[in-house]
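Peer 1: Based on the provided sequences and hints, a complete structural model is requested.
Number of protein chains: 2
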Amino acid sequence: MPRKICSEKACFPIDAIKRLVGYYRDLKHLKEKGVNVISSFSLSEILGVSPEQIRKDLSYLGEFGKRGVGYDVEHLIKNLEDRLTIVRPSNAVICGVGRLGMALMGYAGFRDLNIRISAGFDVDEAKIGMEVAGIKVYHLRHLVKVCKRIHPEVAIISVPASYAQDVCDRIISVGVRGILNFAPVSLSVPNDIFISNVDLSVELGALLFCTRMGEAGGAKG
Amino acid sequence: MPRKICSEKACFPIDAIKRLVGYYRDLKHLKEKGVNVISSFSLSEILGVSPEQIRKDLSYLGEFGKRGVGYDVEHLIKNLEDRLTIVRPSNAVICGVGRLGMALMGYAGFRDLNIRISAGFDVDEAKIGMEVAGIKVYHLRHLVKVCKRIHPEVAIISVPASYAQDVCDRIISVGVRGILNFAPVSLSVPNDIFISNVDLSVELGALLFCTRMGEAGGAKG
DNA sequence: ATATGTGAACCATTTCACAGCA
DNA sequence: TGCTGTGAAATGGTTCACATAT
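Residue numbers (my numbering), protein chains in the order written: chain A, 1 to 221; chain B, 1 to 221.
Since the hints were made in silico from the structure, they are not lab data. This one's a predicted model, so the numbers in the text were calculated from it and none came from an experiment. Treat each hint with caution, since some may be false.
Heads up, the list lumps identical chains together, so a pair's fine if it works in one copy or across two of them.
[As the list claims (entries may be wrong)] Restricting the straight-line Cα-Cα distance to at most 20 Å, the calculated cross-link-like pairs of lysine to aspartate or glutamate (DMTMM-like) are:
1) Lys148 to Asp169
2) Lys145 to Glu131
3) Lys18 to Glu203
4) Lys148 to Glu215
5) Lys136 to Asp26
6) Lys33 to Asp166
7) Lys4 to Glu215
8) Lys4 to Asp15
9) Lys56 to Asp82
10) Lys28 to Glu203
11) Lys28 to Asp169
12) Lys9 to Glu215
13) Lys66 to Glu52
14) Lys18 to Glu215
15) Lys9 to Glu203
16) Lys28 to Asp112
17) Lys148 to Glu8
18) Lys136 to Glu125
19) Lys56 to Asp72
20) Lys66 to Asp166
Peer 2: Printed below as a string of structure tokens:
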């Protein structure tokens with residue numbers, strides 16, 4: 001993934017986008033709790049992000065607040081849904097129905113973003129034809145055929161590392177332009193394809209290193 | 001998590017640490033394939049990171065290459081294991097043995113970093129006493145007692161969002177200083193605790209947004 | 001009075017360019 | 001000559017400070 005993303009109109013940092021998606025989710029929780037108006041300062045405490053950062057992030061998408069007052073929660077949610085294109089539903093597929101793949105098929109959080117997991121793929125004959133969380137599992141050899149019907153916008157790769165590049169290539173060949181990769185390898189893709197790596201052992205390894213370094217020194221940030 | 005981490009000797013960026021852990025993993029694959037010496041330029045193609053970036057990242061930990069030649073793969077691996085403290089084994093625990101928690105208990109990648117998942121915790125009586133991938137599941141109410149025996153350095157939180165802060169507090173109370181959080185909420189922790197959030201729907205949502213923006217514009221980075 | 005929105009200042013990381021060494 | 005290691009320059013995200021609006 002690049003560090004920032006641009007259209008003709010504007011550029012903004014990927015990290016800002018991720019934070020904004022997080023704001024959206026937490027704002028929905030706030031609304032359920034009956035909060036109608038909130039300032040960037042109060043939001044700051046809930047989100048663990050500075051008020052200036054929140055305001056700057058929101059300003060990438062437009063002006064949604066009232067000066068001297070704050071943000072109308074519902075209005076802000078609606079605008080985030082619109083600008084982040086959450087209103088527009090999407091299909092996704094999962095390649096690799098192992099333990100992790102199955103967990104992702106049942107992950108409720110995707111639905112909140114209007115993302116529907118429409119199919120799973122695996123090579124294990126025992127799994128073909130199964131339904132996991134209401135999602136049908138197909139053989140990987142039918143990937144192209146099934147995807148031509150489903151038209152997934154994004155794909156999740158949760159196959160073993162050694163299969164990942166092959167699956168990745170085939171996913172791209174059916175027109176998928178965004179890939180969330182859980183396989184612990186660096187995949188090579190054309191530079192019009194977005195690939196985001198969630199590397200669990202890298203995360204845990206880096207965390208462990210930090211705590212051990214912290215023992216002797218301390219974090220500064 | 002802060003942006004950088006410091007000891008008395010040096011400071012370096014968290015992102016560099018994460019990349020280094022990734023280099024370590026990919027170098028081990030390379031070694032298995034019989035590669036003995038490699039330049040930062042060849043590594044660049046495999047890792048998808050620029051040669052300068054690789055050299056700079058490595059330079060945070062020391063000087064491991066031979067000018068005019070490249071890096072001895074085995075020598076580099078040994079040094080990374082040493083400097084990233086991967087040689088030193090660690091225990092971790094997982095709080096929340098749902099679908100995701102179970103997947104993580106069986107995740108092979110942790111073992112490659114000498115990280116051992118030593119216990120799982122849940123509140124579901126049906127799961128208590130179970131073994132998942134050889135790891136015993138305890139009731140959450142015994143968290144403190146079991147952790148005092150195991151001495152985990154890091155913990156993984158994969159409980160529902162509403163339980164996460166409570167579990168987090170208790171984990172910290174037994175001396176854990178690093179937390180990998182999968183619950184989709186911002187947790188508040190003292191600032192000597194390292195917490196890394198893996199937010200699956202945020203990742204997928206941001207990815208989707210990028211592909212949709214990319215349709216009209218294009219990535220620059 | 002209060003809180004937003006934003007250009008400017010700041011600061012960290014990435015990239016560059018080249019000195020240093022095999 | 002070839003590739004590493006690293007100060008210096010550039011890039012770009014975050015923080016600051018304040019003008020602006022209610």
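Peer 1: Now, for every hint given, state plainly whether the structure supports it.
Peer 2: Hints, verified against the model:
1. Lys148 to Asp169: within (15 Å within a copy, 47 Å between copies)
2. Lys145 to Glu131: Within one copy only: 19 Å inside, 39 Å across.
3. Lys18 to Glu203: both (17 Å within a copy, 7 Å between copies)
4. Lys148 to Glu215: between (53 Å within a copy, 19 Å between copies)
5. Lys136 to Asp26: Classified as neither; 31 Å inside a copy, 33 Å across copies.
6. Lys33 to Asp166: between (46 Å within a copy, 18 Å between copies)
7. Lys4 to Glu215: between (34 Å within a copy, 15 Å between copies)
8. Lys4 to Asp15: both (8 Å within a copy, 16 Å between copies)
9. Lys56 to Asp82: Within one copy only: 18 Å inside, 41 Å across.
10. Lys28 to Glu203: For Lys28 and Glu203, only the inter-copy Cα distance (18 Å) is at most 20 Å; the intra-copy one is 27 Å.
11. Lys28 to Asp169: Neither: 37 Å inside a copy, 24 Å across copies.
12. Lys9 to Glu215: between (47 Å within a copy, 13 Å between copies)
13. Lys66 to Glu52: within (15 Å within a copy, 46 Å between copies)
14. Lys18 to Glu215: between (30 Å within a copy, 19 Å between copies)
15. Lys9 to Glu203: Answer is neither: 34 Å inside a copy and 23 Å across each miss the 20 Å cutoff.
16. Lys28 to Asp112: So Lys28 and Asp112 pass the 20 Å test inside one copy only (10 Å; across, 39 Å).
17. Lys148 to Glu8: Classified as neither: same-chain Cα gap 30 Å, cross-chain 57 Å, threshold 20 Å.
18. Lys136 to Glu125: within (13 Å within a copy, 30 Å between copies)
19. Lys56 to Asp72: within (17 Å within a copy, 46 Å between copies)
20. Lys66 to Asp166: neither (51 Å within a copy, 34 Å between copies)
The structure fails hints 5, 11, 15, 17, 20 (numbered hints given earlier, in ascending order).
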